[in-house]
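Q: Chains as they are written, first to last, in my numbering: chain A, 1 to 113; chain B, 1001 to 1114.
Treat the hints as calculated values from the structure; they're not laboratory data.
Note that beta-carbon positions come from the ideal geometry of N, C-alpha and C, so glycine has one too.
Take these hints with a grain of salt, some might be off.
Quick list of the computed label-pair ranges, beta carbon to beta carbon [stated by the list, open to error]:
1. B:L1094 - A:D30: 20 to 28 Å
2. B:E1017 - A:R15: 45 to 53 Å
3. A:D30 - B:R1050: 18 to 26 Å
4. B:Q1014 - A:T14: 41 to 49 Å
5. A:T113 - B:E1053: 45 to 53 Å
6. B:S1051 - A:Q41: 19 to 27 Å
7. B:N1038 - A:P70: 29 to 37 Å
8. B:R1050 - A:E51: 21 to 29 Å
9. A:G16 - B:G1016: 50 to 58 Å
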Amino acid sequence: DAGVTQSPTHLIKTRGQQVTLRCSPKSGHDTVSWYQQALGQGPQFIFQYYEEEERQRGNFPDRFSGHQFPNYSSELNVNALLLGDSALYLCASSLRAGRVEQYFGPGTRLTVT
Amino acid sequence: SQQGEEDPQALSIQEGENATMNCSYKTSINNLQWYRQNSGRGLVHLILIRSNEREKHSGRLRVTLDTSKKSSSLLITASRAADTASYFCATEPLSSGSARQLTFGSGTQLTVLP
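For reference, chain A alone in the conformation it holds in the complex (with noise of 0.2 Å):
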């Protein structure tokens, strides 16, 4: 049973530029969330998917975008990259009716220089 996968694991991009990370859920799973977590930082929420719509947004600008597939799997894009955009981006998947827990993917690592 695979568990919550991101690709890539490592990402450097330019500022100004923009960015698309990858997620698929564990398998079962039809809720899709994103954190952004900085350096030292806890996890910081940036959006929720569920049946293909964004149910719910932290304080994000809306540069940060996302999309989720009838498979479940999503992206989120970055666009007009900033330095500050730095960051440690995390995947959780759960199921809309089932436990609380969440389930974390291993991250994907984005450089902005």
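We have chain A; now place chain B onto it with these hints.
A: Just chain B, lined up with the frame of chain A:
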């Protein structure tokens, strides 16, 4: 912004000793969860305590919750070197409804010396 704060920010103990970490939060919650993170990688769920519970055990872990003080503590008994990691508390606010959005604290870095 972070919902809560962990205390202490860093903790160093000898193998076999107990480790206690505290978490404070700001808003009313559905539940509080503790996660472990090794070396900036993914988070591993440790234990969940609901707002109507006061104490919960899982193996060497003991969690308490005081909703009147908006605080929680995580006790790891008989610590091992493998327990070395960052520990985060995360709250699910009442306002999150079915979205189950988690709000994390800033974490405690635990180092267990062999």
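Q: Taking the hints in turn, state whether each one holds.
A: Okay, the hints, checked on the actual structure:
1. B:L1094 - A:D30: 20 to 28 Å: The hinted range 20 to 28 Å holds for L1094 (chain B) and D30 (chain A), with Cβ atoms some 23 Å apart.
2. B:E1017 - A:R15: 45 to 53 Å: Given a distance of about 46 Å, which is inside 45 to 53 Å, the answer is holds.
3. A:D30 - B:R1050: 18 to 26 Å: Hint holds: Cβ distance 23 Å, inside 18 to 26 Å.
4. B:Q1014 - A:T14: 41 to 49 Å: 46 Å, holds
5. A:T113 - B:E1053: 45 to 53 Å: Distance hint for T113 (chain A), E1053 (chain B) holds at roughly 47 Å.
6. B:S1051 - A:Q41: 19 to 27 Å: Holds, since S1051 (chain B) and Q41 (chain A) (Cβ atoms, about 25 Å apart) stay within the stated range.
7. B:N1038 - A:P70: 29 to 37 Å: Given a distance of about 33 Å, which is inside 29 to 37 Å, the answer is holds.
8. B:R1050 - A:E51: 21 to 29 Å: The hinted range 21 to 29 Å holds for R1050 (chain B) and E51 (chain A), with Cβ atoms some 26 Å apart.
9. A:G16 - B:G1016: 50 to 58 Å: 52 Å, holds
Checked against the numbered hints given earlier, this structure breaks none of them.
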